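K.L.:
Sequence:
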Amino acid sequence: MNTWIEALVAIALLLGSLFALVGAIGLYRLPDFFMRLHGPTKSTTLGVGGMVIASLIYFGASGEGISLHELLITLFLFITAPVSAHMLAKAAMQQKVRVNDKTRGKPWEQ
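Under our numbering, think of the first position of the sequence shown as 3, with each following residue one higher.
Think of the hints as simulated: they come from the structure by calculation, not from any bench. Keep in mind it's a predicted model, so treat the numbers as computed, not measured. Accuracy of the hints is not assured; some may be wrong.
Said to hold, decoys possible - Derived DEER-like restraints, expressed as beta-carbon distance ranges:
#, residue 1, residue 2, range
1, M3, D34, 45 to 51 angstroms
2, L16, A87, 24 to 30 angstroms
3, I7, R106, 43 to 49 angstroms
4, Q97, E66, 43 to 49 angstroms
5, A9, M37, 33 to 39 angstroms
To be verified - Think about it this way: if two alpha-carbon atoms lie no more than 20 angstroms apart in a straight line, the pair counts; the simulated EDC-like pairs of lysine to aspartate or glutamate are:
#, residue 1, residue 2
6, K98, D34
7, K44, D34
8, K92, D34
9, K104, D34
Yeah, the Cβ is synthetic: ideal placement off N, Cα and C, and Gly gets one too.
With the hints as constraints, model all of the structure from the sequences given.
P.N.:
Here you go:
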């Protein structure tokens, strides 16, 4: 395999891993539900997307061709993650989940 392709795969894996790590740290460290929701929905989604893109590049260059499964995983991941985050946030607003004082925007108190 070409050295440039291996470098691209390594960079995509490292970036994906970094985004997944940042999302996991955000999920652990942020103080309330609404802040914690951003960790997995934003950066972890990009992390998994980076890893799937690395897989696409690797298997595409190795002669097996681009897999439809990997394309569908990426598509469904980027479609379902924001929708599920929105639904979780709406449910938390309906239940009036306690928030930290630093959380801005409390629409249920208006």
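K.L.:
Indicate, hint by hint, whether the structure satisfies it.
P.N.:
Results for each hint:
no.	hint	result
1	M3 with D34: 45 to 51 angstroms	holds (46 angstroms)
2	L16 with A87: 24 to 30 angstroms	holds (25 angstroms)
3	I7 with R106: 43 to 49 angstroms	holds (45 angstroms)
4	Q97 with E66: 43 to 49 angstroms	holds (47 angstroms)
5	A9 with M37: 33 to 39 angstroms	holds (36 angstroms)
6	K98 with D34	holds (12 angstroms)
7	K44 with D34	holds (16 angstroms)
8	K92 with D34	holds (15 angstroms)
9	K104 with D34	holds (9 angstroms)
Consistency with the previously given hints is maintained throughout, with no hint failing.
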